[in-house]
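Peer 1: Residue numbers (this note's numbering), protein chains in the order written: chain A, 1 to 266; chain B, 1 to 414.
Possibly wrong hints are sitting among the right ones.
[Unchecked claim] To give an idea of the interface, some chain B residues facing chain A are shown, with a C-beta separation under 10 Å as derived from the structure:
1) Ser17
2) Lys22
3) Pro72
4) Pro89
5) Asp91
6) Glu96
[Said to hold, decoys possible] Heads up, simulated EDC-like pairs for lysine to aspartate or glutamate below, C-alpha to C-alpha not over 20 Å straight-line:
7) B:Lys64 <-> B:Glu6
8) A:Lys253 <-> A:Glu96
9) A:Lys77 <-> B:Glu6
10) B:Lys43 <-> A:Asp97
11) B:Lys43 <-> A:Asp10
In short, the hints are calculated from the structure, not lab data.
Glycine included, every Cβ here is placed at the ideal spot set by N, Cα and C.
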Amino acid sequence: MSRLLVCPPDYFAIEYEINPWMRRSNAVNSDQAVRQWHHLMQVLEQDVGAVLDRMKPVPGLPDLVFTANAGVVVGNKAVPSRFRYPERQREEAYFEDWFRGQGYEVVTLDSGHFFEGAGDLLGFPDTWFGGYRQRSDIHVFSTLSDWFHREVIPLELVDNRFYHLDTCLCPLSGGELLYFPPAFDHYGQEALAERIAPPRRLFVPEAEALRFACNAVCVGKHVVLPAGCPETESLLTSRGYLPHPVPLDEFMKSGGSAKCLTLALD
Amino acid sequence: MMQDQETVLLQGHIIDSLILAKVLDTILMMGGTFDLQDMQIGKTREEPSRARIIVRASSAKLLKEIVHAIQPHGASVESERDCRLAAAPADGIFPEEFYATTHLPTQVRMHDQWLEVEGIEMDLGVRVDPVSLTARTIPMGQVMRGDLIVIGREGVRVIPLQRPRDRDVFSFMASQVSSERPHGHIIGDIAKRLVQLRAGFQEAKAGSKVLLAGGPAIVHAGGREALTWLIDEGFIHVLFCGNALPAHDMEVDLYGTSLGYGHAAGRVVPHGHEHHLRTINRIRAIGSIEAAVTSGVIKTGIMAACVRRGVQVVMAGTIRDDGPLPGVITDAIEAQDAMRAAIPGIGLALLVASTLHAVATGNLLPATIPSVCVDVNPAVPTKLADRGTFQAVGLVMDAASFLRDLARELGWKP
Chain A
1 MSRLLVCPPD
11 YFAIEYEINP
21 WMRRSNAVNS
31 DQAVRQWHHL
41 MQVLEQDVGA
51 VLDRMKPVPG
61 LPDLVFTANA
71 GVVVGNKAVP
81 SRFRYPERQR
91 EEAYFEDWFR
101 GQGYEVVTLD
111 SGHFFEGAGD
121 LLGFPDTWFG
131 GYRQRSDIHV
141 FSTLSDWFHR
151 EVIPLELVDN
161 RFYHLDTCLC
171 PLSGGELLYF
181 PPAFDHYGQE
191 ALAERIAPPR
201 RLFVPEAEAL
211 RFACNAVCVG
221 KHVVLPAGCP
231 ETESLLTSRG
241 YLPHPVPLDE
251 FMKSGGSAKC
261 LTLALD
Chain B
1 MMQDQETVLL
11 QGHIIDSLIL
21 AKVLDTILMM
31 GGTFDLQDMQ
41 IGKTREEPSR
51 ARIIVRASSA
61 KLLKEIVHAI
71 QPHGASVESE
81 RDCRLAAAPA
91 DGIFPEEFYA
101 TTHLPTQVRM
111 HDQWLEVEGI
121 EMDLGVRVDP
131 VSLTARTIPM
141 GQVMRGDLIV
151 IGREGVRVIP
161 LQRPRDRDVF
171 SFMASQVSSE
181 RPHGHIIGDI
191 AKRLVQLRAG
201 FQEAKAGSKV
211 LLAGGPAIVH
221 AGGREALTWL
231 IDEGFIHVLF
241 CGNALPAHDM
251 EVDLYGTSLG
261 YGHAAGRVVP
271 HGHEHHLRTI
281 NRIRAIGSIE
291 AAVTSGVIKT
301 GIMAACVRRG
311 VQVVMAGTIR
321 DDGPLPGVIT
331 DAIEAQDAMR
341 AAIPGIGLAL
351 LVASTLHAVA
361 TGNLLPATIP
371 SVCVDVNPAV
381 PTKLADRGTF
391 QAVGLVMDAA
401 SFLRDLAREL
411 GWKP
């Protein structure tokens, strides 16, 4: 059973621009956003069988909906994020309170280094990947590796449209890696190629990468991904996965999709 | 060429992620160089690796740019401490734990900045003036009570020699002592350097002086004319020797013998052993070598050429000296100081046919000065290298043959 933290999009809007996707002029259709979010929740609960923990939305924090950036949770330990931009730093206290309220042991990183949670740290049970340069600092990964006794392979993100690692890379439960190689420099691409055998590397085509096909939630054989990525769906099907496309274009206006809207708690 | 450097640390899973490769590539691509130190590779997948990297660049600006470029990939500048200082407890005595110098370029850290140590020479201490923020080597005998001397190794860094840009025999920077190798190309390279340095000297360029430290075998073996020519042509600017080289050089001028051996006759002449004593006595009577030359008593040879060309001569005496000649410094420490004072500005050192003067001079030279040690006995260049003067090129060869070949290479027609 998989538990996910989510936050309803009551106050979701484009109120600032901190990534290339965000334009204040491109207003969110709030009703549509709420419909899409509830659809996603329905798929996650009913089709995928995930258990959802909902946190309370806060007025004035439009991006609190993107719970992937709350921090990272391993077992009973939670490390809250340290956001790069002041616009999102105000979310830190709410996420931290939520972790404490749920009884997690909260471990905090020294201030001075940025870390944007599961948006930049994801991987397989024994190996994690850490996205750096756009939002998180590489320095935090050695600390996290030390705390959690996991190998963390840092990967430089070189295209600011893919500003978090979860926008261009998605590890799947069977050991395959769904990713968009040009989002990484050649050292990162080489490091991934060294680590993942060719049959397990699933390359997402650019057009679908730009629809955030990699921003997918994988639970067992289920993969919930944004709608409009048929080639990625075929790739997943060919490896025995069950794709669940969900329209999430209102959230793409802010540079987020299925994965950004959830945080894995187990 | 002096280089700026900074030590950075890189840790984490830096091997499989190719982060280390990326950092090192970045340093090289930007025109810097690096030394990988203390590389510790994690034994298991989850265990992190650590690398300590010394980054070097040709200027402080470039170094800053390189460090700035590698920092986002996790390279953090190693925090450095100031050097530790202690006051000398008495005149002529270093504090315990004093830092003993090498002959490599050295810097000490004071108030978070690296100071270049002046007067680089091996086996000395380093005195720091905390007010003017300067650091200079100091011999044990010259230290004054209360002088602030660097102790321990913290905040001291020694900079390895950079490979010179000129691709000649000196670019190997290692003594390759062998009597089994042809000498021609080495002598050719020395000749090229002498031509460049003479041009620099004539333009008063810093570091253009040529030092020759030599023994009397130069005269005995028949190298006197060649060396005289080299001095007259302006290729040699400083001469280090003892009592014997000038004594026998002037003996040839006055008696046609060296150590009683007739140069023209090719045999020992009757009572020839007295000649060098009579020569020394004569010069002592005149008062100085310079006066002997200018008054026309000494007309030919090495010392006459030195006086004519204004070559700086330091004569250091030894225990078995006869006389000695006027001008020979018989106090060993005083002689050492006089030799040390003549070192600044030297761009090439030729150490020819004298174990004593070669080793003494080698000890005074910074490693940055290209040096050649010529001796018919392979033990001499080897001894020089063993005593730390690793930069000297060893040439196993008779002194006279060396000087004659070198002079011929430069246009001497005997």
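Peer 1: Each hint needs a verdict: does it hold in this structure or not?
Peer 2: Verification of the hints:
{"no.": "1", "hint": "Ser17", "result": "holds, 4 Å"}
{"no.": "2", "hint": "Lys22", "result": "holds, 5 Å"}
{"no.": "3", "hint": "Pro72", "result": "holds, 6 Å"}
{"no.": "4", "hint": "Pro89", "result": "violated, 45 Å"}
{"no.": "5", "hint": "Asp91", "result": "violated, 51 Å"}
{"no.": "6", "hint": "Glu96", "result": "violated, 40 Å"}
{"no.": "7", "hint": "B:Lys64 <-> B:Glu6", "result": "holds, 9 Å"}
{"no.": "8", "hint": "A:Lys253 <-> A:Glu96", "result": "violated, 26 Å"}
{"no.": "9", "hint": "A:Lys77 <-> B:Glu6", "result": "violated, 38 Å"}
{"no.": "10", "hint": "B:Lys43 <-> A:Asp97", "result": "violated, 38 Å"}
{"no.": "11", "hint": "B:Lys43 <-> A:Asp10", "result": "violated, 49 Å"}
Checked against the numbered hints given earlier, the structure breaks hints 4, 5, 6, 8, 9, 10 and 11 and satisfies all the rest.
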